[in-house]
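J.: Starting from the given sequences, assemble the full structure and let the hints guide the process.
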Amino acid sequence: MSTGVPIQPKESRGYYMLPQAPEDAGYYVYGTLHNVPGTGQLAQYAHPNLLTVIFQIERQWRAICDRKFGIGNISIDGGLAYDNHKSHQKGIEMDCRPVRKDYMTGQAARCSYRDKEYDLEATLKLICLFVEHPKIKIVYFNDERVQKTLGGGRVKSLAGHNNHFHAELWSRYSS
Numbered sequence: 016m017s018t019g020v021p022i023q024p025k026e027s028r029g030y031y032m033l034p035q036a037p038e039d040a041g042y043y044v045y046g047t048l049h050n051v052p053g054t055g056q057l058a059q060y061a062h063p064n065l066l067t068v069i070f071q072i073e074r075q076w077r078a079i080c081d082r083k084f085g086i087g088n089i090s091i092d093g094g095l096a097y098d099n100h101k102s103h104q105k106g107i108e109m110d111c112r113p114v115r116k117d118y119m120t121g122q123a124a125r126c127s128y129r130d131k132e133y134d135l136e137a138t139l140k141l142i143c144l145f146v147e148h149p150k151i152k153i154v155y156f157n158d159e160r161v162q163k164t165l166g167g168g169r170v171k172s173l174a175g176h177n178n179h180f181h182a183e184l185w186s187r188y189s190s
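Mapped onto my numbering, the consecutive letters of the sequence shown carry residue numbers 16 to 190.
One or more hints might be untrue.
Unchecked claim - No farther apart than 20 Å at their CA atoms in a straight line, the calculated lysine-lysine pairs in the PhoX-like style are these:
#1 Lys140 with Lys171
#2 Lys105 with Lys150
#3 Lys152 with Lys101
#4 Lys131 with Lys152
#5 Lys116 with Lys101
#6 Lys131 with Lys116
#7 Lys171 with Lys150
#8 Lys171 with Lys101
#9 Lys105 with Lys116
#10 Lys152 with Lys116
#11 Lys105 with Lys25
#12 Lys163 with Lys140
Read the hints as simulated data drawn from the structure, not as lab findings. Since this is a predicted model, take the numbers as computed values, not measurements.
T.: Written as structure tokens, this is what we have:
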């Protein structure tokens, strides 16, 4: 009996879809493809090295915080350009939401670093896990407090990154 979605969908490059609702996971998924509701999973195909990083960071996060962090766009089938992304084609880049004070998750849990729901301390801890991972090249997030606290130029500003941060593996991990 088919339920419509394979247990672990695989795309044309051999990349796998990020598991969408694993029990007791430290993350939740969000997003849409072409602004169509219910299609976010179609933009969550990840290179195996990125999946490994996600699972490692998710495990570390669960050990220090009981809140979930949101994972959005990664890559679509075949690595084609989509929506407004100039990247997200190699399966080694991902978008994550800042952590909220109110524990809200899901599609409606969008939060900017300027919002009262934004938890700077928790977001700083989460981004620190990414920055400290040896496979992570850079993180883009526009909160200058995070940039200054972490130092070293590993967290930089980029237009459009007020309500999510972009984490990217070193390109050598895409082959």
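J.: Could you check the structure against the hints above and give me the numbers of any it violates, in ascending order?
T.: Violated: hints 4, 5, 9, 10.
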